[in-house]
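**Student:** Residue numbers (numbering that gives the first Met the number 0), protein chains in the order written: chain P, 0 to 247; chain R, 0 to 257.
It is worth saying that the hints were derived from the structure and are not from the lab.
Don't take every hint at face value.
[Claimed, not checked] For lysine-lysine, the following DSS-like pairs were computed, each having C-alpha atoms within a straight-line distance of at most 27 Å: (1) R:Lys196 / P:Lys105; (2) P:Lys215 / P:Lys14; (3) P:Lys125 / P:Lys66; (4) P:Lys66 / R:Lys196; (5) R:Lys196 / P:Lys51.
[Claimed, not checked] Cβ-Cβ distance ranges computed for the label pairs, FRET-style: (6) R:Arg232 / P:Leu89: 25 to 31 Å; (7) R:Leu61 / P:Ser35: 46 to 52 Å; (8) P:Phe132 / R:Asn181: 54 to 60 Å; (9) P:Leu89 / R:Arg177: 39 to 45 Å.
Please read all numbers here as calculations on a predicted model, not as lab measurements.
Using N, Cα and C, we set each Cβ at its ideal position, and we do this for glycine too.
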Amino acid sequence: MIELRDVHKAFGSNKVLRGVNLTIPRGESMVIIGGSGTGKSIALKSILGLVKPDSGTILLDGVDVAKAERDAFLARFGMLFQGGALFDSLSVWQNVAFRLLRGTQKRPVDEARAIAIEKLRRVGLKPDVADQFPAELSGGMQKRVGLARAIAAEPEIIFFDEPTTGLDPIMSGVINALIREIVTEMGATAMTITHDMSSVRAIADKVAMLHDGVIKWTGPVGEMDASGDPYLDQFIHGRAEGPIEAVR
Amino acid sequence: MILLVPVAAIGRSTLALLATIGQVAIYVGLVLSHILRPPFYFREFFSALLTIGYFSLPVVGLTTLFTGGALALQIYSGGARFNAESVVPQIVAIGIVRELGPVLTGLMVAGRVAASIAAEIGTMKVTEQIDALTTLSTNPIKYLTVPRVLAATIALPLLAAVGDIIGIMGGYLVGVTRLDFNAAVYLTTTVDFLVAKDVVSGLVKAGVFGFIIAMMGCYHGMNSGRGAQGVGRATTNAVVSASILILAANYLLTELFF
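Make the full structure from the sequences, and use the hints.
**Tutor:** So this is what it looks like as structure tokens:
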């Protein structure tokens with residue numbers, strides 16, 4: 000279980016997180032929605048330790064992540080980055096097997112390559128992609144490789160940062176379906192941040208709405224449409240009028 | 000009150016400069032603390048050694064070849080004013096080995112390598128590849144900076160040694176073909192004149208320059224701003240700061256070996 004308790008983060012005078020409280024139970028898929036610049040990515044990066052919160056506590060299974068042993072802590076996570084964040088200098092299979100080729104989870108090269116090819120197959124890519132380089136792939140294929148890399152070491156927790164950004168609607172649907180299948184199949188805890196409401200409906204068990212640095216609403220995805228929360232209503236229906244100020 | 004505006008501006012610049020020096024010092028300390036601790040990324044080290052060392056050979060060779068030739072002509076011209084034309088081999092040798100070989104190698108490699116390292120790491124930062132490394136339990140300093148710093152510190156003395164030989168050869172070619180020196184006498188004079196300290200001091204300088212080049216490339220890359228403009232600025236800053244630090248370090252090391 001992941002818990003954020005009164006997490007604050009500011010960059011200079013810009014207060015991005017103003018007391019975020021959120022609980023993600025083990026094995027559930029939580030999707031955080033909210034407008035651009037509302038701190039979704041910062042919340043996610045705070046959990047991973049990529050950004051250090053100014054105050055507040057983040058707990059993973061009751062242990063403060065700031066005091067956890069770093070390698071063991073990170074070994075529990077997989078992450079799909081918004082742009083894929085694939086390493087240009089490495090081939091596709093070396094990207095997927097990155098964690099399996101070094102560090103505490105190191106395996107023999109042949110075994111790591113076999114696992115990488117299996118994970119590529121799992122995300123719908125053929126083995127001949129394995130020896131290509133990221134620059135040779137389309138945006139959708141890069142997302143799939145990023146997804147394969149995120150699940151390569153069978154993590155307990157997977158984070159998805161804007162998984163469908165930059166993809167056409169059909170490819171978005173494919174990636175959403177893949178994420179849902181994989182999360183269910185692995186029994187992993189998932190946290191996704193997105194603006195894309197079709198992703199929310201496809202991926203989420205629970206939804207949290209982040210606005211102005213705090214969680215405005217949280218609940219099961221099935222209750223989202225009838226929440227009565229004016230912020231959530233405006234966001235999910237994409238209305239220009241409402242409590243969220245839209246810059247024209 | 001308005002009189003204080005320039006004073007405040009100087010104060011802000013001074014504080015910013017001191018903050019940068021502090022950040023660089025902390026970064027250097029971090030890198031040094033990681034150099035001797037495992038894991039070691041040998042593949043990245045050898046790849047960096049090839050990129051920094053082997054692929055810089057043409058640039059270094061051509062630079063020192065032409066500089067050696069020009070130096071021979073200048074020394075001959077200056078020496079002729081007090082009938083000392085015969086000192087060309089000695090002065091070319093000492094000028095190249097102690098000063099121009101390492102400095103020109105450092106500056107040329109700074110232009111080529113510091114820019115490339117800063118652009119590569121800056122782009123990795125902008126595209127979240129550095130964050131990806133961290134989430135994959137890999138320390139970016141250990142994986143990206145340490146191999147490059149070690150490779151540059153080892154490659155630069157080797158490049159400078161090659162540069163020294165080619166630079167002296169440039170002087171030799173001009174001396175023999177243009178200034179009518181006897182080929183055998185030119186070479187014998189050069190070899191007899193140089194002492195081990197001349198060569199060693201130049202190679203030590205080159206090692207320090209290599210450390211500076213890789214460190215500046217990595218530091219500015221890791222601290223790159225967002226977007227193409229941020230990466231461009233990081234690249235420029237890496238080359239400028241590496242070049243200035245090389246020239247400053249050259250003076251200090253020359254004082255040390257004087």
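**Student:** Run through the hints listed earlier and report the numbers of any the structure violates, in increasing order.
**Tutor:** 1, 3, 4, 5 and 9
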